[in-house]
Every structure is written in structure tokens, then in C-alpha cells.
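Visitor: The two chains are supplied separately, each in an independent frame; assemble them into the complex guided by the hints.
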Amino acid sequence: MTDLPFGISLDVGTSLANKTGSWRVERPVYVDRLPPCNDACPAGENVQRWLYHAEAGHYEQAWRALVEDNPLPAVMGRVCYRPCEGACNRAQLDEAVGINAVERFLGDEALARGWSFEAATRPSGRRVLVVGAGPAGLAATYHLRRLGHAVTLVDGAERPGGMMRYGIPKFRLDRGVLDGEVDRILALGVDLQLGTPVTDLPAAMRDGGFDAAFLAVGAQLAHRAYIPAGDSARVLDAVSFLRDVEGADPPRLGRRVLVYGGGDTAMDAARTARRLGATDAVVVYRRTRERMPAHDVEVQEAAEEGVCMSWLSTIAGIEDGKAVLEEMELDADGFPQPTGRFHDVAADAVVLALGQDTDLSLLATVPDVTVAGRSVQVDGTLMTGHPGVFAGGDIVGPERTVTTAAGAGKRAARAIDAWLAGGTLPQRDRHPLATFDALETWYYADAPKAHRPVLELARRTSTFDEVVGGLDEGTALFEARRCMSCGNCFECDNCFGMCPDNAVIKLEPGQRYRFDYDYCKGCGICVSECPCGAIVMVPEEL
Amino acid sequence: MTTQPVRFYQVGSFAVGNRLLDPDQRTVQADRSRSNALTSGHRACQGCGEALGARYVLDAAMRATGGRLVAVNATGCLEVFTTPYPETSWQVPWLHSLFGNAAAVATGVAAALAVQGRDDVRVVAQAGDGGTVDIGFGCLSGMFERDDDVLFVCYDNEAYMNTGVQRSAATPPAARTATTEAVGPEPGNPFGQGKDLPTLAMAHGVRYVATATVAELHDLEAKVERAMGVRGARYLHVLVPCPLGWGSDPSDTIRVARTAKETGLFPVYEAEGGTVTSVSPIRRRVPVTEYLRLQGRFRHVVGADGTVHRPDIVERLQQMADATVERLGLDRPAFGEGGPAGTGSPRTGEAVGTGNPRTGGPAGEGATP
Ligand SMILES: Cc1cc2nc3c(=O)[nH]c(=O)nc-3n(C[C@H](O)[C@H](O)[C@H](O)COP(=O)(O)OP(=O)(O)OC[C@H]3O[C@@H](n4cnc5c(N)ncnc54)[C@H](O)[C@@H]3O)c2cc1C
Ligand SMILES: Cc1ncc(C[n+]2csc(CCOP(=O)(O)OP(=O)(O)O)c2C)c(N)n1
Ligand code: SF4
Ligand code: SF4
Ligand SMILES: [Mg+2]
Numbered sequence: 291m292t293d294l295p296f297g298i299s300l301d302v303g304t305s306l307a308n309k310t311g312s313w314r315v316e317r318p319v320y321v322d323r324l325p326p327c328n329d330a331c332p333a334g335e336n337v338q339r340w341l342y343h344a345e346a347g348h349y350e351q352a353w354r355a356l357v358e359d360n361p362l363p364a365v366m367g368r369v370c371y372r373p374c375e376g377a378c379n380r381a382q383l384d385e386a387v388g389i390n391a392v393e394r395f396l397g398d399e400a401l402a403r404g405w406s407f408e409a410a411t412r413p414s415g416r417r418v419l420v421v422g423a424g425p426a427g428l429a430a431t432y433h434l435r436r437l438g439h440a441v442t443l444v445d446g447a448e449r450p451g452g453m454m455r456y457g458i459p460k461f462r463l464d465r466g467v468l469d470g471e472v473d474r475i476l477a478l479g480v481d482l483q484l485g486t487p488v489t490d491l492p493a494a495m496r497d498g499g500f501d502a503a504f505l506a507v508g509a510q511l512a513h514r515a516y517i518p519a520g521d522s523a524r525v526l527d528a529v530s531f532l533r534d535v536e537g538a539d540p541p542r543l544g545r546r547v548l549v550y551g552g553g554d555t556a557m558d559a560a561r562t563a564r565r566l567g568a569t570d571a572v573v574v575y576r577r578t579r580e581r582m583p584a585h586d587v588e589v590q591e592a593a594e595e596g597v598c599m600s601w602l603s604t605i606a607g608i609e610d611g612k613a614v615l616e617e618m619e620l621d622a623d624g625f626p627q628p629t630g631r632f633h634d635v636a637a638d639a640v641v642l643a644l645g646q647d648t649d650l651s652l653l654a655t656v657p658d659v660t661v662a663g664r665s666v667q668v669d670g671t672l673m674t675g676h677p678g679v680f681a682g683g684d685i686v687g688p689e690r691t692v693t694t695a696a697g698a699g700k701r702a703a704r705a706i707d708a709w710l711a712g713g714t715l716p717q718r719d720r721h722p723l724a725t726f727d728a729l730e731t732w733y734y735a736d737a738p739k740a741h742r743p744v745l746e747l748a749r750r751t752s753t754f755d756e757v758v759g760g761l762d763e764g765t766a767l768f769e770a771r772r773c774m775s776c777g778n779c780f781e782c783d784n785c786f787g788m789c790p791d792n793a794v795i796k797l798e799p800g801q802r803y804r805f806d807y808d809y810c811k812g813c814g815i816c817v818s819e820c821p822c823g824a825i826v827m828v829p830e831e832l
Numbered sequence: 361m362t363t364q365p366v367r368f369y370q371v372g373s374f375a376v377g378n379r380l381l382d383p384d385q386r387t388v389q390a391d392r393s394r395s396n397a398l399t400s401g402h403r404a405c406q407g408c409g410e411a412l413g414a415r416y417v418l419d420a421a422m423r424a425t426g427g428r429l430v431a432v433n434a435t436g437c438l439e440v441f442t443t444p445y446p447e448t449s450w451q452v453p454w455l456h457s458l459f460g461n462a463a464a465v466a467t468g469v470a471a472a473l474a475v476q477g478r479d480d481v482r483v484v485a486q487a488g489d490g491g492t493v494d495i496g497f498g499c500l501s502g503m504f505e506r507d508d509d510v511l512f513v514c515y516d517n518e519a520y521m522n523t524g525v526q527r528s529a530a531t532p533p534a535a536r537t538a539t540t541e542a543v544g545p546e547p548g549n550p551f552g553q554g555k556d557l558p559t560l561a562m563a564h565g566v567r568y569v570a571t572a573t574v575a576e577l578h579d580l581e582a583k584v585e586r587a588m589g590v591r592g593a594r595y596l597h598v599l600v601p602c603p604l605g606w607g608s609d610p611s612d613t614i615r616v617a618r619t620a621k622e623t624g625l626f627p628v629y630e631a632e633g634g635t636v637t638s639v640s641p642i643r644r645r646v647p648v649t650e651y652l653r654l655q656g657r658f659r660h661v662v663g664a665d666g667t668v669h670r671p672d673i674v675e676r677l678q679q680m681a682d683a684t685v686e687r688l689g690l691d692r693p694a695f696g697e698g699g700p701a702g703t704g705s706p707r708t709g710e711a712v713g714t715g716n717p718r719t720g721g722p723a724g725e726g727a728t729p
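For the record, the sequence lines run as chains E and S. Take 291 as the starting number for the first sequence in the working numbering and just add one per residue. Take 361 as the starting number for the second sequence in the working numbering and just add one per residue.
Read the hints as simulated data drawn from the structure, not as lab findings. All values reported here derive from a predicted model rather than from experimental measurement. We put the beta carbon where it would ideally sit given N, CA and C, even for glycine.
Which stretches of chain E does chain S cover? Using the computed rule of at least three CB atoms under 8 Å from a CB of chain S, they are: (1) 306-319; (2) 730-743; (3) 777-788; (4) 792-804; (5) 813-826.
Example chain E residues on the side facing chain S (calculated, C-beta under 8 Å, incomplete): (6) Val302; (7) Gly303; (8) Glu345; (9) Ala346; (10) Tyr809.
Next up, chain S with everything else stripped away, as it sits in the complex (with noise of 0.2 Å):
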């Protein structure tokens, strides 16, 4: 007699919902009474990965603190199409200052609660990677050095959106900005240049980091949830792609963000202490030229229907993948298929900060090659 343990739901593992489900193992965004912490009437672009990222964090984080939450916003995208004066898109207490110090910011309010002894009330800082990685760090690495209680969560769009495209320290390779046209030999942001960020984090000893796309919501919010059942500092890094920016489709952001993780260009996973603790591991590999094809920022390497222009670059991009995916052991099998992520066998022991994944070239390589 053949018979098979019915071990799965149909869709259940990776779609946002599942009416075979119990309630409550499904996502946050499947209930209609999440809290839409970044609602309607917003000015986003059409297709916005970092309106959907902010949404999903912050509405995890409000079911994790049972909706005893501050947030305090960069400046940037996400606070400006939110925020026209007089109108607001939060539905949650949110605060802006400037574009570099919402981690000092987030870190004041949440010495503030604690002076007062509401510790019930959890504190949630967000920038863009710009606000992060380039202006932000800074005050950023003295929230993490400090070990203040403050989950710091970075909306990773590769560039500086809201003015415009220019480049950051997390613009990847070959990218074009407005700043790095694809103009000459090099077209696009150069190789060997700027920060990965979960990394440094990880340098710093932060008790929780985790990276994560906006097209793995079950992981995503796991993340948010274990982030917010920890005390002091934690870093959270989301791909959130920009239609704008990328020269994508608006109706291929997740798709975008599914095949940056499915490359291993994004690896996704998770670190405590210092040491990664779990990934999330590849299920369906492809190359990276599926996912330039994608995006117009890419399109002097590889053309929309994949004719590769570039095939050197390509071969750098390539190697860097396989590099990441080699270095964090991505490649291999899902376990219990379709699981959230996280239930991956944990990673112990395991050595990092060993090269530099955002930049294709060793860590602590000089500028332009």
C-alpha cells in the first residue's frame, strides 16, 4: 500500500495565507485585522518594495508587542511618501529626525521609556540603506556598541531614492545610478567598493542579526518576531527593490527580490552573537543573469530577453554568488521542504565576516580595482 504522510498545504509554506491553515500559522498580512501600520493614500511608487517591507515589519512587530511599539524613521523614502504634511500614513507612534541619526533618536526614546519604567513599550528604528550604511553608521554602530534596545531595521533599496538614484555603500557592482552611469569600461558602480552591513553588525557582537527579502514573508516576519523577543541591540537587513531605481517592473518586485535570494547574490540568513545560527537555503538556484534581466540598471550587462552583453561581468557577478553561496552553505537541499525559513538546521560555530559578499572582492580590498 503506498501511503504518504500528508506533510504538506498545498501552497501553505510559501504563499502570505491558507484557508487549510490553523489561524494562527499563518503570516500576520493573512489576517484582516493586522494592524496596517503603513496604510493606504501613501505616495510610494507603483509597485514599492520598501512601502510592503516597512508594512510587513512593522505589522509583525506590533502583533510581537501586542501593538506597544515607537517607531523612529531616517529620512528617505519611506518617511517622505508617508508623511506630507498634514497627512500621515502610520498607524503607529512614529517619529523623524534627520537622515543619520535615527538610531541616536531611537536609542533616546527608548532611554526615555526605560527612565520611566515602560518597558512594555518596544522601540523600532528604520532607515533606507543610505540612512544606514553611509550617514546613519555612525550613530548606528554606537546603538550596537552600546547594546541599546533597539531593533534597527535597514529597507535595503542598493541607492539613494529619494533624491534621485545616487549610489550608496550598498549599490552593488555594475549597477547603474545616476551617479554611476554605464558609460566607459567599467559601466556602473565599480567592483571592490562598499559595506555589508548585516557583517558589521555582526563584527559589532549585536545579539540578533538577520537579513531577509520582502518575498519570503513566513521568514521575514519569523525574524521580526524573534527580534522582538530579544532585549538590546538587533539588526534586521531587508531587500526591498525599488521599480524606480532598478529599472524593474512594478509588478516584478517580488519576483525581483525571490531571484536576488534564489541566485545567492541576497543570501538570507540568520546570525546571534557574532555567528551565523541559520540560513535560509536555496530552492530552486538559478543564475544570476536571471535576475539582471530583470532590471534596467543592469541592462548594459544583460538585455531584458537575457542576451548577455557583458559576459565579463556577468562571470564577476557570477563567481561573487557562488562565493556567497559557498561560504554560507546555501545550496543546500530545503529541509522538511516548504518550512519557514528557520527551521533549516542551524549553522553553529560557523566562521564569518571572512570576505565581503556586497563587493565581490576580499574584505579589506582598497578601492577601484
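So that you can see chain E by itself, here it is in the shape it has in the complex (with noise of 0.2 Å):
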């Protein structure tokens, strides 16, 4: 008698000698999806991933993750509009993630505890010259840095951070945050070059025996609207006036300020001025609230600190201490049409935020470089018409901001990479996307959205302290552990405890499971209560 568990006398067989695998027709096989957040990152991050390591409270590991794709997380925790949590699925059951409070708790404790990047692999022995150190250069140079190239980063301003800097205000970047950032990219061994401004591209390529070239440079100049003014009166463009407030001797615009124009840019210079001393700080634009550019919660933020709005108005003229208001109306395509009817109103200085254009000078004579508008073109991997000129950022928009331009600099470092092997960069495959109704939401704990500190009002029109602050390192943890892991195997056992023939194999922690196709008879329970959609159905070749 062979040896028998306790009580068993008989040796009967096994029905493991059954194999029922040879019922099924479909059999079930683990995917991965694409997490809609990682399909909404303009720089590609993938954010489930990292969230998954935080969920674990590894936050190295996570940050790590993060950095393989944006080096700049402190930035993005605080600056990016995050198209990452308008995507969220939990948003469908609850409140989207807050995956960019989670950023930047991780990008504010890599500072804090002084993580540092890997350094470069082996030196290629290619030179590559970035002009421009906004986010859009600093990506750039960061992944060609990691690729092994070498980089000169050349920026006509006293500071690298481009628009970081020099645009968004202090009270929403702390500029601490910023210089550790922008420092440990340039620990990775960067040759920077600062108040320097490129005026012929060819030439400083020829000069500096570069092999290619990314241009960042971004959409320096303000645009400008005919305005009749007085001699006296005081009108500046919000890029100079944000630019100068950086500077040691702030401007100063006096107690009643307008400021024209509905974007982003409008919201921080109003929001500025309130700061710098302007108690009456009135936004003024063409159109409805409801086709303003500028983003829900920089408006809602603006209004918070006694910002006021001024719809359906242009300014018409400015003479000393007041300017001349026209109503607006919408005609049937929704355009403004003026009325005629005009008032004034008291204006110590008017500031026009009316967009940004590009200075592309540097250009002139490198004819194979097409512009369009306002944009230079690229092609798929963000090279100009010029080989080995690639051009990434605000000069090739559409979408103008810290974000696109941090993932055109590592798309264009990519590129320049496969360009200097002397290839094009694959085209990778995404996966489908892991939409709300793949998931088996059953299995999420019931988890309300934890929300950031707020800077007390009085605070946030005296001081440029940070309005918006972080999560404490036990709200970060919850908050990652409400990421429902979309698409993606976390290893939550339902297929290995649910299968009524054990035909799941569970492998070592972190290697997920397998099926045992000998005696899956392709129920399908594995797919049905699979929380996060991860495994799905195919039919058997019969």
C-alpha cells in the first residue's frame, strides 16, 4: 500500500487522471489593459504602476517607477491639470483617485530624503544640444542623459524652469520644489549654459560639433491687441509682469487692477496682483464663463481670493487711472459681437494676458523647418523637416502645458536616441483600454476621495506661500490603496480562491498565476469576478 493520508484504506485513484480541460471551448488568459489614467498622462506615465508600489507604502519603488517616464514629480503634484483624474474609473463609483496628491507626496519625499537618479549607462558617445530649459528641455535632457548621451542645455534666462519660473506663480510652485528638481537632473551631468539665447541654430550646432538637436523653447512672447491708451496709463502683458515679479524688485501696479483675457495666465496674474497689494483685481474677457480657457479650479481659486470676473466685456481704451469697458453679446455661433454700449471703470494699470507667441528667430535659416501659426511641425517622433532637429513643447503645442511638454521631452529623447542608431522609434502597441465596465467593482472597499489642505484665506492674499498643500504620509497611503488597479493583475487571489476545478496556479508573490489548461473548463467565474478586468475569454481552436 502506497502511503495514504490518515483514515484512507483504499487506494482508489485520483480523479486528477480526468482531465476536464477537454470540456471548454473558450479558455480564460490573463491580459494587461491600459488603466484609462495612464491613457489620459500627456507624459506617459504609468500611474498605476507607481500606485501599486505605493500602495505597498513602497514609495522609493514608486517613485522610481514614476521617474522612469517624468523626472519633474514634485512639479506635476502641484502644477499639472490632471487629464489622468478625469479619466480615473473610480470616479464611476465614487471620486476619481487622487493620483496627483499622490505625486506629489512621492516627488516632495524624494526631496525630502535626497533619492537621487540613476546615473547614466554607458556614455554613447553622441552629443546632443537642448535648447531651452523649461520642463520640456529638462525632460529631454533627463532620458538622454539615462540613454547615455551627452547634453548641453543652453537657456537665454538667468535660471533654468522656463515657464515654471518665469509664468506660474510661487503660490502654486514652491520654487524650493522646483530647484531640487531641476538640480537632480542636472546631477546627472549636464552641461548648462545659462544667459545664453540661441540666435542661429545651424551655427550653434556646427560650433559645438553637436549631433542633434532638440528645441524647447517654448512661447515667450506675449500676444498683443491694438488698445487705444493714454500716455500715462499703465499697461503691461502678463508674461513680462509674472517674469518680473520673480525678479528682486517686484512691480507695482497699484490698488485697482484690470487684467484682460480669460486663460490660465489671466487667473495667476489677477491672483498676483491681489498679492502684491491691488485690492480690487477684476478679470475682464470677451466671452461666458462657460467658454473661458482657463481651468475650473484656477478660476474657482482666483474667485476664493476676491478675484472678480468681468464676462462679456473688451476693453476699448485706457487713459490715466481708469479704462473704458464695452459690453459684449454672443451672436448665434457663439462669437461676441460689441453692443456699443460702453462704461469705465477705475484702473490703476491694465495687464493683458492674451496668449503667448513663439519667438522662432533662431530658425531663420534653416529652411526645411516648416511653421505653421504658431507652431513649428513635426512628424510622429517630433523631428522638424531638418534631420536630427527634433522640436517638443509649447512652439509645437496644440496642448500648452507643463505636462505635454514634460512627454515630448522624453518622446523626443526616444527619438533622437533611435535617430542617432540610425533608426526610427517603434511604434509600441497599446493595450486596450480597461474601461469601468471590465471591472468587478464588488470587491473595492467603499473609500471617499481625501482631500488636500487648503492655505487659510487670509494667507493666500498677503503671502506667495503655497495655497494648495500635501498629504501627510498616512493620507497618501490611502489615497493609492483607492486606485482599483484597472486592467492590471494585483494579485487579489479571486481566480485562484473562485475556480471550481483548481485550475489556477498561484505563483511566487509578484509573478501573479497561471491557468491549468488540463482542467479549466472555462467556467468563466475567473473573468466574471475578476476585480480589475485583467483576464478575459477566448475562444479554443476546435
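Guide: Right, dumping it as C-alpha cells:
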């Protein structure tokens, strides 16, 4: 008799001899689907992946997974407009995961603990010129360095950061945080040349012996509109105004300030004016609230700080101490039309925030680069018409955000790397999207979103302290754990536990599972009960 | 500062396992070294809830007893699909005698072990609903009354599945079976018939009585563990959907069981010595149509898309569900959301046995109205 368990006396055969897999007409297979957050991130972050590490409290691992794609998490966690959260599946259950808040937590944690980037692999021996040290140029520099290329980063300004420093006000992005993240990139070994505007790109490339260039000079020129103004009228453009606030001697605007325009820059200018002592800061916009390009959160925060809005109005003229506003009305097509009704408002200064244009004079001697409207034309790999010259960020558009710029820097670096090797960047197939209906949300515990602390109002008009605070560790962990891991197995054991035929094999932690097709009958319970939609049924070939 | 305690583990409270939880807080089924008391190669249909339920119960009992367990089985699917001679799917000492005598055989096994002084080895008897509420009821009532040291588990798939889906006293009203066809003015199983076995067990003053479903693993395992910690007669009633007999999609087995509970049609609770001591509250209540539409046996009542064909029958079933929810207080908000059942506040002194949740009629009501 063989060695039998307690109480078994008959040496009968086991049913393992009966391979029930032959009953099956469909088989379950594990898949990875693209989570909507990842899909929406303009910097191509693998949000689900880094949240997975964060959930376990492995913050450094989470941060390292994050910076594979984006070297500026602490900046992102402050200024990104969070398209990921707009796409997050959890919004259909209760509220979107606070992805951006967790990103900020990880970014701040990295700065506090001094985590640094892994140095470049082997030097490639190739040299790349990056023009512009805004988010696009910095991200490209970082990725190029990690790919082993030598980088010279040139900027006309005195400090690196581009609009992150000279546009976005301090009360939304602490400069210590910006410096910390920029310095960490520079620590990878970058030849940084500040205060050096490039005026002739081919000359700069020739002189420096560069193999390729990435152009990321942004959109620095304030868009102007003709407004009749008296000699003594104080009229500034928002870009210069915000840049000057960065300087040692902030401009004085007076008590009554009008800001003309409806974008985020207008909101930032008005909020900055309040902090510089304006008692009345009024945003004048031609259309209605619904048609305003500024993001809701910016409009709301401005309103909280006492910024007033004058919808459906234009500035017809500016004189000393006042401006003449004309009322507008929307026509049938939604365009604002003048009404001929005017009124005066008191104004010590008028700030024009009418958008930014690109200055592409450095390309004057490169005829094969095409420019359409305000943007440089590039192909799918971000290469311009001139071989080896790539471009991205605000000069390419159409989205003009820090995150899009950081994503462009990454894509350009990878494309430059491929181009230098004599090829082109292979197009990677995207996984099918993990839509909400692929999930079984029963298994997710109810958990309302944790919100970030906000500075008290009094300090929001008297100081440049950051308005929105960060999450503490416990709250960040809680928020990370709200992630449903859409489309990606997170080892909840449902398939392993719920198979009536024991046909799921659980592998070592982190290795997920395997189907035992000898016994799987193809009932599909695993597919139905997988919380995150990481299993699909496919027909058997009969 | 918004601070929130980290009080939940993503899916730990409802899913089988969770990498973030301590291994000993995960279910037995999450354990790679679980017994697999009922192993692969068995001949149950695709998506069989009974096969799943039996493995859940016996693996938990194996853990609770350190593997010193004997199982006695009544005739029925569970016996037939596991033991076509010379094969067996059981990885536990296992006996089968007859359709109706599992309780008596288990009593005998327990008595024999007691005579030998083997109080370390424990006995589980298991049967389908036919083997429990119908033909096995005499033996079971005796086992209850004598307080024999056996856990009797009923895998309730609400009909005689092994012989081709004939009605049992556990078949719900309106359900189509081979012997209650969906014809005539009152199609399917008549209202006002049948027995509610957990209530009958409680009426015997059984030490520990519990109901559970295959959709709530944490709850089910906790109840098995609880039961194995008690000496004397115990009764566990597990709802196990049968895709074949219920006309449900094999992939929907867990969903059907979950919906049975979430409608209030199948109450999940524990009782000690005849008194309900805790209930597993409904988490996301849904109308009975959500349950009915998943199953072919109710197709004459509600279409798969939720179209109601017989509002009068839906109404009666909804009233049954409402009465059960009311009687047991199942609609209370879940407490410490996510905790396995048994963490809800204990209900002491609850009067039970005052209605017949199984039939939709008052207790003691006669035959077909
Ligand atoms: C007021 C304001 C607020 C904003 N707020 C947000 C926000 O909250 N969130 C968000 O996502 N986006 C915001 N944006 C947009 C965002 O800042 C830009 O989209 C982003 O910075 C563009 O990055 P970039 O690298 O393409 O260009 P930039 O950031 O503009 O950087 C370009 C760099 O190139 C340098 N440069 C220009 N010409 C030359 C030259 N010829 N030679 C050498 N160097 C040169 C410049 O000095 C500059 O450093 C805001 C913009 C403004 C103006
Ligand atoms: C005394 C006797 N009568 C009838 C049968 C035939 N028989 C075998 S299994 C079964 C039905 C079992 O139903 P249930 O107990 O509900 O178990 P299920 O198959 O549904 O799991 C019947 C009627 C039998 N084996 N013995
Ligand atoms: S729940 Fe998680 S994986 Fe799903 S979209 Fe939201 S953040 Fe991404
Ligand atoms: S008939 Fe029902 S209980 Fe029997 S093996 Fe099939 S699914 Fe399971
Ligand atoms: Mg049955």
C-alpha cells in the first residue's frame, strides 16, 4: 500500500487522471489592459504601476517607477491639470483617485529623503544640444542623459525652469521644490549654459559639434492687441509681469488692476496682483464663464481670493486711472459681438493676458523647418523637416502644459536616441483600454476621496505661500489604496480562490498566476469575478 | 490638515486574498497550501457552485482541525461528480452510504471515534438540499435532537439536481423545475410550500446554526471555523447556485449568489441555541428582478434584460425579500465597512421562527393558496 493520508484505506485512483480541460470551448487568458489614467497622462506615466508600489508603502520604488517617465513629480503634483483624474474609473464609483496628490507626496518624499537618479548607463559618445530649459528641455535632457548621450542645455534666461519659474507663480509652485527637481536632473552631468540665447541654430550646432538638437524654446512672446491708450496709462503684459515678480524688485501696480484675458495666465496675473496689494483685481473677458479657457480650479481659487470677473466685456481704451469697457453679446454662433454700450471702470494698471506667441528667429537660417501659425511642424517622432533637429513643448503645441512638455521631452529623447542609432522609434502597440465595465467593483471597499489641505484665506492674499498643501503619509497611502488597478492584476487571489476546478496555479508573490488548462472547464467565473478586468475569454481552436 | 486613518486594504475585505494583508488574515482559499479537499478532475458542470462550496467548507474545516477530519456525504451531485469508481476527487477521508442517511452515518462515525477516545478527529456531514430538507430530514432531526458532535452542511442548490432538476422543499416559489413547469396561472413552484431548514434547526435548539453563500468567502470560512470550535450538533446552510438547474450562465455563479443575498431573498446570519446572534447586512441592496433576470428558471417572470413578464409574481417575491430584510434587520449600513461578517453588531434576544422566509407564507400556512 502506498503512503496514504489518515483514514484512507482503499488505494483508489485520483480524479486528477480525468483531464476536464477537454470540455472547454473557450479559455481564460490573463491580459494587461491600459488603465485610463495611463492613457490620459500627457507625460505617459504608468500611473497604475507606481500607485501599486505606493499602496504597499514602498514609496521609493513607486517614485522610481514614476520617474521612468517623468523626472518632475513634485512639480507635476502641484501644477499638472490632472487629465488622469478626469479619466480615472474610480470617478464612476465614488470619486477619482487623488493621483496628483499622491504624485506630489512621492515627489516631496524624494526631495526630503534625497533620492537621486541612477546615472547614465554607458556613454554613447554622441552629443545633443537642447535649447530651452523649460519642462520640455529638462525632460529631454534627463532622458538623453539616462540613455548615455552627452547633453548641452542652453537657455537665454538667468535660471533654468522656463515658465515653471517665470510664469507659474510661487503660490502654486514653491521655488525650492522646483530647484530641487531641476538640480537632481543637472546632477546627472549636464553642460548647462544660462544667459545664452541661441540666435542661429545651425551655427550653434556646427560650433558645438552636436549630432542632434532638441528645440524647446516655448512661447515667450506676449500676444498683443491694439488698444488705444493714453501716454500715462500703465499697461503691462502678463508674461513680463509674472517674470518680473520673480525678480528682486516686483512691479507695483496700484490698488485697482484690470487683467484682460480668460486663460490660466490671466488668473495667475490677477491672483498675483492681489498679493502685491491690489484691492480690486478684475478679470475682463470677452465671452462667458463657460467659454473661458482657464481651468475650473484656477477660476475657483481666484474667486476665493477676491478676484472679480467681468464677463462679456472688452477693453476699448485705457486712460490714466481708468479703462473704458464695452459690453459684448454672443451671436448665434457663440462669437462675442460689440454692442456699442460703454462704461468706465477705475484702473491703476491694465495687464494684458492674451496668450503667448513663439519666437522662432533662431530657425531663420533653417529653411526646411516648417512653421504653421504659431507652431513648429514635426513628424510622429517630433523631428522637424530638418534631419536631426527635433522640437517639442509649447513651440509645437497644440496642448500647452507643463505635463505635455515633459512628455514631449521624453518622446523626443527616445526618438533622438533611435535616430542617432540610425533607426526610428518603433511604434509600440497600446493595450486595449480598461474601461469601467470591464471591472467588478463589488470587491473594492467603499472609501471616499481624501482632499488636500488649503491655506487659510487671509494668508492667500498677503503672502506667496503655497495655497494647496500636500497629503501626510497616512493619507497618501489611503489615497493610493483607493486605486482599483484597472486592467492590471494586483494579486487579489479571486481567480485562484474561486475556480471550482482548482485550475488556477498561484505563483510566487509578484509573479501572478497561471491557468492549468488540463483542468480548466472554461466556466469563466474568474473573468466575471476579477475585480480589475485582467482576464478575458478567448475561443478555443477546435 | 485632512487626515484619514488607513483603515482599508483596497480589496482585502471582499476579495479572496490581498498581498497587503498578513497571510493569516487572508482566506484559506488564498493559501497555496490549502488542502484542496475536493481536487481537480471532478465531473461537476462548468461553474458549479456546489463544487466550489464544498471545497470552501472542507478546506476551512481542514485548517480548523489541523487536517483531522472525516467527511460523510449523502447521495447527490456532490457524491456522484466526485467519485466515479475507481476515481475520487476527495483529499480527505470520505464516506458515502445512502441519499437519506448522511446524518445518521456521521453520528455513527462520531460515536465510533468517541469510543476510541479520538476526540481530535472531527466529523462533517454534507448533503444537497434534497438530502437535507426532504429525505434526510428524519436522520438530521435525530442528530440535532441528540446533539451529536457533527457539523452538518447543506449545499443548497434548491432542487434535486443530480437526477435532473426536480423540485425539493427548498425550491423557491415561481422557480421552474422539471416537476414544476412554467405553465398555468401560477407557473413554476407554488407559493406557500417548502421548509426553511435553518429555522427548523434553530427550533431544535442546535448550538450553532449559520447560513452563508459561496459569494462571501470570508464570512463562510469564519463560520466554518466557528462551527469547528463548538462540540455537539451544528448546522451550516450554504447557498450554491447551479448553472444547469437555475439556467444561469456558468460565469455568473458568484454573481447570482451575491445577488441572492443583496436582494434579501437569502438572508445570511448566525444563531446560537435558537437565537439569531448576528446578521451579515446587505451592502448594496437591489430589487429581486436583478436576481431573477440572471436565471432561466425565472424566465417566465422576468426576461434576461430585466423586462417583467409577471409583475404580480415579482411583487410577491419582493414582499418576501422585504419581510426577510425587515425581520432580520439586514438593511442596516455595513459596519466597519468591509469587515467580514460576524463583525456586525450582535443581535441578541432576536425572536426568530415567526415567519417562513422560504415560502413567502406565514409559518404553518397550508398547501397551495
Ligand atoms: C502664467 C502661466 C501659468 C501656467 N500654469 C500652468 C499650470 O499650472 N500647469 C501647466 O501644466 N502649465 C501651465 N502653464 C503652461 C506651461 O508653463 C508651459 O506649457 C510649459 O512651461 C511649456 O514648456 P516648454 O519647455 O515648452 O517651454 P518654456 O517653459 O516656455 O521654456 C522655454 C525655455 O526656453 C528658453 N528660451 C526661449 N528662447 C530661447 C533661445 N532662443 N535660446 C535659448 N533659450 C531660449 C526660455 O528662457 C525658457 O527657459 C502656464 C503658463 C503660464 C505662462
Ligand atoms: C433513496 C433514494 N431515492 C432517490 C435517489 C436518487 N437520487 C440520487 S441524487 C438525488 C437528488 C439529490 O438532490 P440533492 O440532495 O438536492 O443534491 P444535488 O444533486 O442537488 O446536489 C436523487 C433523487 C437515491 N439515490 N436514493
Ligand atoms: S482606479 Fe487606479 S488604475 Fe483605475 S483609472 Fe483610477 S488611478 Fe488609474
Ligand atoms: S447539476 Fe448543478 S450541482 Fe450538479 S454538478 Fe452540475 S452545476 Fe453542480
Ligand atoms: Mg440540490
